[in-house]
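Numbering (this note's numbering), first residue to last: 24 to 134.
Worth flagging that the hints you see were computed from the coordinates, not collected in a lab.
Treat the hints loosely; a few may be bogus.
[Unchecked claim] What follows is a set of in silico ranges between Cβ atoms, one per label pair, in the way DEER data are often shown: (1) Ala64 to Cys108: 18 to 24 Å; (2) Trp44 to Asp121: 52 to 58 Å; (3) Asp105 to His52: 33 to 39 Å; (4) Leu104 to Leu77: 44 to 50 Å; (5) Gly41 to Arg111: 14 to 20 Å; (6) Thr114 to Val73: 29 to 35 Å; (7) Gly28 to Leu66: 19 to 25 Å; (8) Asp97 to Ala55: 28 to 34 Å; (9) Arg111 to Arg74: 47 to 53 Å; (10) Ser94 to Leu36: 22 to 28 Å.
Just so we're clear, the structure is a prediction, and the values are computed from it rather than from any experiment.
C-beta atoms are modelled at their ideal positions from N, C-alpha and C, and glycine is treated no differently.
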Amino acid sequence: MNRSGRLLCALYLATSCGLAWTTLLETLHGPAWAACLFAAASLVPVIAVVRETLIRDLRAAGAGPRRTARSAADEIVREELDAACCERWWTSLGTDHDAACPHRIPRSSAA
């Protein structure tokens with residue numbers, strides 16, 4: 024992980040600790056709904072740290088000499104686009120398929 028990634032993870036964890044402390048204070052002296060809200064909010068930075076480490080692992084896995092210098096987010100988007108149906112399906116918001124698309128359902132002319 025590079026320096027900026029480590030800094031981001033440290034900030035995320037500091038934010039999570041601060042929100043956990045606020046959760047404890049709200050549990051002892053405040054309303055229960057506020058304690059639940061702060062408890063849920065303290066989990067969000069932890070999810071961000073997991074995401075950063077996932078991106079780091081994807082970058083490390085793709086660092087071979089034959090691979091292009093794509094970012095991990097580009098790799099995830101590329102995989103999703105490759106798994107997509109067809110161009111017309113994307114542009115018609117999932118209502119129509121190309122004629123050569125294997126997912127195309129032929130329409131019957133029988134009424």
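Verification of the supplied hints:
For the pair Ala64 and Cys108, the beta carbons lie near 38 Å from each other, so the given range of 18 to 24 Å is not met. Checking the proposed 52 to 58 Å range against Trp44 and Asp121 shows it holds: the Cβ atoms sit about 56 Å from each other. The given range of 33 to 39 Å is broken by Asp105 and His52, whose C-beta atoms sit roughly 53 Å from each other. For the pair Leu104 and Leu77, the beta carbons lie near 19 Å from each other, so the given range of 44 to 50 Å is not met.
Between Gly41 and Arg111 the beta carbon distance is about 49 Å. The supplied range of 14 to 20 Å is therefore violated. Take Thr114 and Val73: their Cβ atoms lie about 34 Å apart, and the range 29 to 35 Å holds. Judged by the Cβ atoms, the range 19 to 25 Å given for Gly28 and Leu66 holds: they are separated by roughly 20 Å. Between Asp97 and Ala55 the beta carbons are some 44 Å apart, a value that contradicts the proposed interval 28 to 34 Å.
Between Arg111 and Arg74 the Cβ separation comes to about 33 Å, which falls outside the hinted range of 47 to 53 Å. A C-beta distance of roughly 23 Å is found between Ser94 and Leu36, which places it inside the suggested range of 22 to 28 Å.
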